[in-house]
Amino acid sequence: MRRRLREKGNAFVIPAIFWVLTFTIFPLVYSFRVSLSKVLYGKLVGFAGASNYLRMFGDYRFWGTLRFTLVLVLISVCATTAIGLGLAIVFNRKMKGLRAFRSILTMPLFTAPVALGYLGVMMFYEENGPINVLLKYLGMGKVPWLSHPLWATLAICLVDIWQWTPFAFIILLAGLQSISDEIYEAAVIDTSSGWAVFRHITLPLLSPVLGTVIMLRMVDAFKAFDIPFSLTSGGPGTATRTLTFYIYTQGLRNFDLGYASAMAYFLLAITMIIGLLFFRRYRELYE
Amino acid sequence: MEWRKSLVFLVSVIFVLGFVFGALAQEGASELEIQTANAAFEAADKGNPDPAWKGQKLTIAVYSAGPRGAISGPLYFWRPYFEKLTGATYDIVEIPFGELREKIFTDLMTGTGTYDIIVGPSWFYGDYIMNDWIVPAQEFFNDPRMPKWEPESIALPVRELYMWGDKLVGFNNDHDGQVIYYRRDILSDPKWQEEFKKEKGKDMPTPPWTWEEVYEICDFFNGKDWNGDGEPDYGISMHLKVGGQGFFHFMALSAPYVVSPAPGDNPAKVTRYHNVYWFDPETMEPLVNTPGFVEALNMLIKLSKTGPSAMFGWSLGEAWDAFLRGKAVMCWSWGDVGSLAQLPDRSSIQGKLGVAPIPGSDKYYDLETQQWVHKKNFVANTVGASWHGVISKYCKNKELAAYFLSWQATPQINHWNVVWGWTGVDPGTSYDFLQPSGKATIEEYVATGYDAEDARQFVTAYEEMWTKYPLRQTYLRIPGTPEMWEVYDIHLSEAVTGQVSPEEALNRIAEEWKAIVERYGKDTLKKIYQEAIGYKPE
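Line by line, the protein sequences are chains F and R.
Going by the UniProt record's numbering, the first sequence opens with residue 1, and the numbers climb by one from there.
Going by the UniProt record's numbering, the second sequence opens with residue 1, and the numbers climb by one from there.
Chain F with its partners taken away, still in its complex shape (with noise of 0.2 angstroms):
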């Protein structure tokens, strides 16, 4: 009887099994095959051993693109985290129309990133764009945002940055709405001081939360290509180029799905191990 309920029990797994192999396991294996050969117009037409991988190495365009992936994790990831946190904090309040403020700060992140890449064309634009405009009313130069490499650099940062704070912010206040009032009260009886609350009450117990929160930006950050796509094509040059973006010109542009898959791979092995990273460091503390 147990043994036909544990049959039973099995097949209702097997669509699950199904659904991981075709869309998951199936893609992961034929992308790795496809990254170990020689690709012509989509068609495999020959081995060609790690030489996709080594090209890597090569590549100095590989190099600066994830040159500047890296400075956009870290920027972006950096900032988001801390403004989301401060405005975690202002929120996490009783106050009049904080519902209003909340729903008005959270709308950038229901929006397409394409869309916010394409109105960032016109918010940066150089000659008479509102944020030129308006530095120009304090009395500063023109800035070139989209024709100079570091300003072209900052002004993906500040976009990404503007979509991505309201995620921080919303997960850090449920954080925070979730520590319980009575650990304040009991902890303001031994101290007066805000910042030591801060950091020994409220950030050690807001860790967990905060983690999550870097980690899923930082995995999130190493695949940004929309911003990018709509707001610089990558330029000038290739200097505001993302991997993922360099990928999606080396496979789906260039038909090149050989390096493109090699390039994937190494951008997956490099998710996973920030990946890994937090889980072990979440086991270390916790466990």
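Hints may be right or wrong, so weigh each one.
[Claimed, not checked] Calculated Cβ distances over 12 angstroms to all of chain R for the following chain F residues:
{"hint": "1", "residue": "Tyr41"}
{"hint": "2", "residue": "Ala50"}
{"hint": "3", "residue": "Ala82"}
{"hint": "4", "residue": "Lys142"}
{"hint": "5", "residue": "Phe229"}
[As the list claims (entries may be wrong)] Label-pair distances were calculated between CB atoms; the ranges are:
{"hint": "6", "chain 1": "R", "residue 1": "Thr110", "chain 2": "F", "residue 2": "Val20", "range": "18 to 28 angstroms"}
{"hint": "7", "chain 1": "F", "residue 1": "Ile179", "chain 2": "R", "residue 2": "Asp91", "range": "51 to 61 angstroms"}
{"hint": "8", "chain 1": "F", "residue 1": "Tyr60", "chain 2": "R", "residue 2": "Thr110", "range": "24 to 34 angstroms"}
{"hint": "9", "chain 1": "F", "residue 1": "Met56", "chain 2": "R", "residue 2": "Asp345", "range": "48 to 58 angstroms"}
{"hint": "10", "chain 1": "R", "residue 1": "Thr110", "chain 2": "F", "residue 2": "Gly275", "range": "27 to 37 angstroms"}
{"hint": "11", "chain 1": "R", "residue 1": "Glu195", "chain 2": "F", "residue 2": "Ala82", "range": "47 to 57 angstroms"}
{"hint": "12", "chain 1": "F", "residue 1": "Ala100", "chain 2": "R", "residue 2": "Asp91", "range": "40 to 50 angstroms"}
{"hint": "13", "chain 1": "R", "residue 1": "Thr110", "chain 2": "F", "residue 2": "Met56", "range": "22 to 32 angstroms"}
{"hint": "14", "chain 1": "R", "residue 1": "Asp91", "chain 2": "F", "residue 2": "Ser103", "range": "35 to 45 angstroms"}
{"hint": "15", "chain 1": "F", "residue 1": "Thr106", "chain 2": "R", "residue 2": "Asp91", "range": "37 to 47 angstroms"}
{"hint": "16", "chain 1": "R", "residue 1": "Thr110", "chain 2": "F", "residue 2": "Gly46", "range": "11 to 21 angstroms"}
{"hint": "17", "chain 1": "F", "residue 1": "Ser103", "chain 2": "R", "residue 2": "Asp345", "range": "34 to 44 angstroms"}
{"hint": "18", "chain 1": "F", "residue 1": "Ile274", "chain 2": "R", "residue 2": "Thr89", "range": "47 to 57 angstroms"}
{"hint": "19", "chain 1": "R", "residue 1": "Arg145", "chain 2": "F", "residue 2": "Thr24", "range": "47 to 57 angstroms"}
What the hints contain is simulated information worked out from the structure, not anything from laboratory work.
Beta carbons: idealized from backbone N, C-alpha and C, even for Gly.
Position chain R against the provided structure of chain F, taking the given hints into account.
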């Protein structure tokens, strides 16, 4: 009952929407447009449409610009006429410029056959031909069902883009090439001429015939308030954003520095060293880092300093606008500028437009002797897309597709598209060029809103470049061309924004092109390249 009411309402909404979208083709069309289109429709040859085509449907892939936009616009406009003519219809699939290659090539590579007709750029030809993806127009040319069109009316350099060897492959539509546009009123103003002479010590060359002269004029006007709006204005306007088609500027500018005439009776003959631009046709070594290109890139950088720095982030629309709004004294671009200058909602320069064929250079680099030759050199170009239709080999009704494209290629319909500038179809046939050498009259252009002198200069500049210039720049039509141009685009942007030196940028292009050539197979590409440029090994 309620659900029935809802259903009726839903069906009604669908009908209304269908009607609205169906009418989009004519939406915004003026009375005059409709009248002249009706006349063109009546006058154009209609062949003998096959009754079996009734009720059939084609799918056309085209660059995305909307129902009143360049290249896609005419497809919407002429659809009701086509339906009336054949009883068949077509769907229009608009694809953004940056996604054309992936969408179209994926369709062709996989044999899906979503698109029966591709109204695409000429730089797809290498891939089309290598993979045998399209059906040549030649196969339908003598079919009695097809409307008659005139390939011989197309200016020779553009006609070559529609052909492969001696076979007609594409159907006549657009004719791209870059010419130089300038402010006729400003350059001919005695006050500015006098100031120019004072500052530069010589007469202002109007129109400019070499890039040095273009630079001198732009340098002179840049930073001066020559339009009287109280703010400093610019010399040149270009679009140099990666992916913004700015690399075509460099193609047109560099041609006279790079392309050298062949010795002997025929200076236009393609030899290993003469009239070549892209690769050495014997070795497939890129020529892009030869001294001619370096000199040209230095000139581009010099010129870029006579315009707004924002140009490095501009796509073509922004660059055109700067000229059309009267902020830049000069630009070099496609025929669209000539027609857009006549639209009051986009331009403040109607009646002030000067147009001349693309400038030449004071010297060129001879690849054979590896020496600079200090002589003036003029090279016609066909840079751009020359957007036109080809038939996919997976098309389910090739005759119907050929009928549509042949009908659109007839002189009357094609010329109507040319004179109505919003279509993005640029002049390039004898029936677009003015009498007595051509067949068109200035009145045909004036009737659609052109200023007479603007139109005369505009059309004549194209005619002169394509029929009188001694040399022409070959067009790259080999597999991997889009990829090569992307590389070209990126590294030129690096050079103009000062990230690398011109030499380094050009070396990078050469190295990446070599890798692309190797990937596609050097021998295969060499054969196709030789065919594409008309080179015959001796």
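- request: Give me the numbers of the hints this structure contradicts, sorted from smallest to largest.
  value: 1, 4 and 5
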